[in-house]
Amino acid sequence: GDSVTQMEGPVTLSEEAFLTINCTYTATGYPSLFWYVQYPGEGLQLLLKATKADDKGSNKGFEATYRKETTSFHLEKGSVQVSDSAVYFCALRGVYGGSQGNLIFGKGTKLSVKP
Amino acid sequence: EAQVTQNPRYLITVTGKKLTVTCSQNMNHEYMSWYRQDPGLGLRQIYYSMNVEVTDKGDVPEGYKVSRKEKRNFPLILESPSPNQTSLYFCASSFNRGGRNSPLHFGNGTRLTVT
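Which chain is which? The protein sequence lines are G and U, in order.
If you're matching positions, the first sequence starts at 1 in my numbering and goes up one per residue.
If you're matching positions, the second sequence starts at 116 in my numbering and goes up one per residue.
Hints are not guaranteed to be accurate.
[To be verified] Restricting the straight-line Cα-Cα distance to at most 35 Å, the calculated cross-link-like pairs of lysine-lysine (DSBU-like) are: (1) U:K186 with U:K132; (2) U:K186 with G:K52; (3) G:K68 with G:K52; (4) G:K110 with U:K172; (5) G:K110 with U:K180.
If you are wondering where the hints come from, they were derived from the structure by calculation, not from laboratory data.
As the structure is a computational prediction, the values presented were derived from the model and not from experiment.
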């Protein structure tokens, strides 16, 4: 079945450092890909998305490019801030099969940014 | 304000005592879903609903029930809670299940402890 694998955390960075959180997926066809973010004490919220190969999603300085050839959707930010400290979830929405349309999440990566 | 509202935010109960966690959305969304979040396991889907009176099992439905009598409400019912159901629960909704451009909107979570 469809699945998402993302790098395990926690990830600790200093302010203004470069961030990469790796995400790879297994799916049939062309799923839609998402990054959700969960700030402390809150629910998840959509950070960015991409719906077809080579699409780049971007929001709040974060970017991720849908790479069909490597089945990846890595999250990047050039200069992180303390306010970016959160848990980040990679997710896909499958196209085929009984669970099509349901979001499948990775296990989450906790990011802590130190001043 | 568009939102998904869950209640209660925190709940401590004892084994076997029936409980209900409510979920309501004000966005006229057709699709609603329940997830549980556990350390090291990420988010796992419990049940989902495509529309009124249409519900289906997710990945971990054992020990849970749901109902969808109205479009806006999707309560999660634990008939006989057990300690392994201690978790953080999230309700989510979106316009439709299969839409590629239909992100999930999450509630702020319910932290349940079963002793």
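Check your understanding: Holds or violated: are the alpha carbons of G:K110 and U:K172 at most 35 Å from each other?
Key -> With a Cα-Cα distance of about 29 Å, the restraint between G:K110 and U:K172 holds, given a limit of 35 Å.
**Study point:** Given hint U:K180 paired with G:K110 - CA-CA distance at most 35 Å
**Key:** OK: G:K110 and U:K180 at ~31 Å, within 35 Å.
Practice item. Mind checking the alpha carbons of U:K186 and U:K132 for me, to see if they're no more than 35 Å apart? Key: Distance ~27 Å between U:K186 and U:K132 Cα, so the pair holds.
Exercise for review: Starting from G:K68, check that the Cα of G:K52 is at most 35 Å away, please.
Suggested key: holds (8 Å)
**Study point:** 35 Å limit on alpha-carbon distance, applied to hinted pair U:K186 and G:K52
**Key:** holds (31 Å)
Every hint, counting from the list given before, is met by this structure.
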